[in-house]
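Visitor: If you want the building blocks of each chain, they are given just below.
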Amino acid sequence: MQTVTIKPKKEIKISVEAENISPDKFAGKSEKDIQSLEAYLGNHKTTLGELFSIKVEGRGAAADTKIVMEGNFSRVKRIGEGMSAGLIMIKGNVDMHLGTKMSGGKITLSGNADSWAGREMKGGELIIEGSAGYYLGAGYRGETCGMRGGKITVMGSALDFLGEHMCGGEIIVKGNAGILAGISNNGGKIVIEGNTSRPGSEMAKGTIIINGAVAEMMPVFKLEGTEAVDGVTYKKYTGDVIVGGKGVLYVK
Amino acid sequence: MELLIKNGAVFDPKNGIAGDKTDISIKDGKIVDKVSTKASVIDAGGRLVMPGGVDAHSHIAGAKVNVGRIMRPEDTRSGIKPRTKLTRPCTGYTVPNVYAMGYRYAQMGYTTVFEAAQAIMKARHTHEELEEIPIIDKGALTLFGSNWPTMDFVREKDMDKLAAYVAWGLLASRGFGVKVVNPGGGEMWGYGKNVSGLDDVVPNFDVTPRDIIISLMKVNEMLGLPHSLHLHCNNLGKPGNYRTTLATLELAKQVKPSKDRQVMHVTHIAFNAMGGTNWMDFESKADEIANFLNNSENITTDMGQVIFGSATSMTADGPWQYTLSKLVHGKWSNGDVELEDASGVVPVTYYRQAISHAAMWASGLELALLTKDPYKVLLTTDHPNGGPFVNYSEVIALLMSSKKRQEEIKTLPPVFNERTKLPGINRELDFNEIAIMTRAGSSKVLGLLETKGHLGAGADGDVAIYDIKPDQIDPSVEHVKIKSAFSSAAYTIKGGEVVVKDGQITATPMGRTFWVDASVPGEHTEVMMKDIRNKFKNYYSIGLANYMVQDAYLTHPKVVKAGVVPVEVS
Amino acid sequence: MTVITDALCPFCGCMCDDITVAVENNKITEVKHACKIGAAKIMGHHRIKAPMMRTDKKGDFKEVSYDEAIEAAAKILADSKRPLMYGWASAFCEVHKKGIFLAEEVGAIIDNTATVCHGPSTLAVHEKGLPSATLGQVKNRADVVVFWGSNPVHAHPRHMGRYSVFAKGFFNEKGRKGRKVIVVDVRKTETAGMADEYIQVEQGSDYLIISALRAILAGQAAVVPDSVGGVTKEQLVKLVDTLKAAKFGAIFFGMGLTQSMSRYKNIDNAISLTTELNSFTKFVITPMRGHYNVTGFGQVCAWETGYATAVDFARGAPYYNPGETAANDVLTRKETDAAMIIAGDAGAHFPADSVRHLARIPVVQIDPYWNPTTEVANVVIPVAICGVEVEGTAYRMDGVSLRYRKLVEPEHPTDIEILEKITERVRKIRGD
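Chains as they are written, first to last, in the working numbering: chain G, 1 to 252; chain F, 1001 to 1570; chain R, 2001 to 2432.
By construction, these hints were calculated from the structure, which means they are not laboratory data.
For glycine and all other residues, C-beta sits at the position ideal for the given N, C-alpha and C.
Among the clues, some could well be false.
To be verified - Among the chain R residues that face chain F by a calculated CB cut under 10 Å, a handful are: (1) Glu2104; (2) Glu2127; (3) Asn2140; (4) Val2186; (5) Phe2280; (6) Gly2298; (7) Pro2318; (8) Arg2396.
Isolated chain G (complex conformation):
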């Protein structure tokens, strides 16, 4: 088992790109090796060691690597990018692209994540105890697929375009979601416990379940009657009819 503890050395104002903070990158490395991994502060090339105090205990493969992050990381982007195994536990807030393209392992975040958390995620689990920004589990500009697999849970709320272009996997938002949740859904499952508006536009496949209120329904769904899911009765819609969609939208 390898445990890496990371704390900010000082307040970070300009975003840091820290895609090297990942169990895959840390596994088996010494404190010094990890400290010398590259990071960017704006256009300034620096190292993780310059920006963060880093403590390492033990050695292990990625799957046996635990990264514990404590402090304010609200200007640190791309944490856990592409990770395939292991655990990242963050006590604080983080910047954009948390767990982007991750394929395995687990990230837990006690605070808020900025936009594009879980972007193009393929597997693993992302738990956000605070709120998420825009494009949770979405794709990159121009891509046809966002999230393809894995699971994202947000205890708070999420902003617009959550699960955009989702092709698989599952997103659960305990709070509210912004407009156009699940837009162009192509096979993912989205559960929104709170309120949202205009969900499921251009949805071709997949499932969206909304337990709160829908402020505005898209005029592109066919009401199929009511159906019970896990003991709760919903109005069941299918669509988006424009794209001949076979998506299912459950609204209370």
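Dock chains F and R against chain G, hints included.
Guide: Just chains F and R now, with coordinates in the frame of chain G:
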């Protein structure tokens, strides 16, 4: 500046050199017989030496290429390379930025590339991009097949006016040759329609694709242009279209070439050699096209080889692009140009498991392997329609190794064997034939064989050295090495300067832009311009005074003279 | 007196190229054929006379030499960890190339004014492409023209006359009488007043309405409720019938669509509507671009970097993600530690948060004119006016590039000269 390349195994088909140990001397950018003892020396050490590669059909610059970039940030983010002290940043795979375009061609040993289509009205844009592409020499073919003046003069059967218009259009666009895409179809697409064959009448203009092709072929030869008519056939992309293609090839018999080259170049055959009646019974009919080529003169083609994976389809064939976007359920950009032509851009992916894609992949190879004379089939991927040009090494390896082809065929659906003749073809091309398809042949097709595509005295000092010793390799077996060597040149020399060493860029000079200045009798131009002025007064949305590409956009021009009165090529 | 004909107007994305200008003693004395705004633009106003600097933004500017100003600008950029280079819409493509090179050199974010107008359109193009055509295609063929959230009478005064409404063409000899003009907007604009049909929509409901139109077009009218966004289903069905009956239809959209609720997804949806109409007839869609060369920056940036705008060079290779790398993204997050504003007015058009941050950091302005950005600048470098005093290239809203003429001789250096000198100084400072 002098350079001597010693001990190369040289393949220079035009000069009958096939693997001989020959020294190549370059002085002041040109190949010479001898250089002084002061010359810098590259010892090729028995490695493969060829003239710099010449690509006669690729989409490297202009409006539709940039539309492709703008609509595809997901493509741009692949192939990212940061800037260095010498090079600008590179981006993209199917739609690279201008810098990647130049560097990557040079890294493959290519030194000359022609953009295959520009509308006159958007030619300024083409030249803005060409001027930013480093290292390689380039030029652009100009679209004439659906232009209103073309169709008017064809209907009037006034070949003098048509010749004057073509000459003027080449000047206006600083174009190198006459490109025709789905003749008549561009105009029909103005109202969302298309022509379905050579004999459909284009409404309001009362001409047929057949009339347009024959007339433009005639004036191309009247003008003695270096290149022939360059044709993208009607019905491209439609199952069963090989019949249209064969009927189109027949038309070449009606015109005699003015020079030692073809009268018609039919491009990207992989998209025009389709049998069957739909996408289910789709099959390759490239063998029939090859058979036709083997029994006729004055026609050349290029492969338009499909590469499995991501591609971006871009062409002036507007109606086809719309159909394609519906087939692939993908994003679609359209770019009609008033009074001139259409265009469209659609991202596509070619899948091994899709039999239609697999059969298209086969048909480019079939064409190249079944056509006896390699001068008749150039190696292209119709970049980025069949796939990006960086895959030329893959195509070379496929052509040189039957073993590699059989390995690939194993990954394709079983029904593949019924839809193409490829599994039964054992021919393996040699280095000389590859040099023809990528150098001598493409230069001859373009009408530039005097200075391009060979290593005799007087040729441009453009040379590629590849890390293979031809006498010590069996390409059939060692196809991995072949692919690797052709993907990254040991040396690329452009105009006598080493621009690539061991696959890395070492210098970034600016190449030249070739365009054709064709003279016609002044009175023909005068009569023609009356019609043109009327079109600007009433129909164009810009003024004639602001239409023509200004000199400012050609900072490295290379003018090739042509004309009704034959003029020497300068 | 010299008379220059076929001159181009450096005001809006119409890029009218039929302007006649009279020049006497290197002064423009008369402008013919241009609209009022265009003519005023060509005649000029409020020039900055000489380079100026100040350290304290509350203090007055002091006139300095060009060399001093260039040195100061270079130092600001070279010292910055998160520089922003913004503007570009009122300058030529030749200037953009130099700007992108400098952005690479200093590891800046480079962004243009599209970010506050048609930037969302580009995001939509990533999703759906853009089925469009040159404006002459509309002039010659269009029999149905839709202005959605755009008001050409006000913002593009000669658009209707030259291209879209009154213009006569090959297949439309009657001009206005040969066309059905439809305006969709939240309020009855001047353009709506001239239309054959005006459809009033509720604020922010464009997305819903477009989806409803697409559903009806797809033969799924049954799912569409009786009223969507303040428009009755009957009206929507009728509109779809009109669009389908067109022989050649054109949609021109403006900031009413790009900057209202759902933003770029409105455009995304409108593009899909256009694409789907092509199953029935011919339809194209074109953004009504504002500044004359805002389109040009997107073109140059795309061929140079692969991305159309909002490119981050922090790590030496282009990175693009509006929402993260656009000017206002980094300004509102207070990340930017220095800015260069050139040929665009951030001070006038940015949200208050962004302008407040600009007021806190070193700002270099390169512009012919005194404008609200000057108020937050430390270093101000006046330049010659592109399109009046400098010749060069710009792209019309439909992507047609044209070359502007020089009308009078400049008294100031050009943007290109200034950018080249700054680049040279930056290289010296950084020891390259």
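Visitor: Could you check if Pro2318(R) really has its C-beta closer than 10 Å to a C-beta on chain F?
Guide: 6 Å, holds
Visitor: Less than 10 Å between beta-carbons is the criterion; does Asn2140(R) satisfy it with respect to chain F?
Guide: It holds, given that the least Cβ distance between Asn2140(R) and chain F is near 6 Å, below 10 Å.
Visitor: Taking the least C-beta to C-beta distance, is Glu2127(R) closer than 10 Å to chain F?
Guide: 7 Å, holds
Visitor: Would you settle whether the hint for Val2186(R) is holds or violated, based on the nearest Cβ-Cβ distance to chain F being less than 10 Å?
Guide: 29 Å, violated
Visitor: Mind checking the CB of Phe2280(R) against every CB in chain F and telling me if the closest is under 10 Å?
Guide: Holds: closest Cβ of chain F sits about 8 Å from Phe2280(R), inside 10 Å.
Visitor: Go through the hint on Glu2104(R) and say holds or violated, using the shortest Cβ distance to chain F against 10 Å.
Guide: 6 Å, holds
Visitor: Min Cβ distance, Arg2396(R) to chain F: is it shorter than 10 Å?
Guide: 8 Å, holds
Visitor: So, Gly2298(R) near chain F? Judge it on the closest CB pair being under 10 Å.
Guide: 7 Å, holds
Hint violations for this structure: number 4 only, all remaining hints satisfied.
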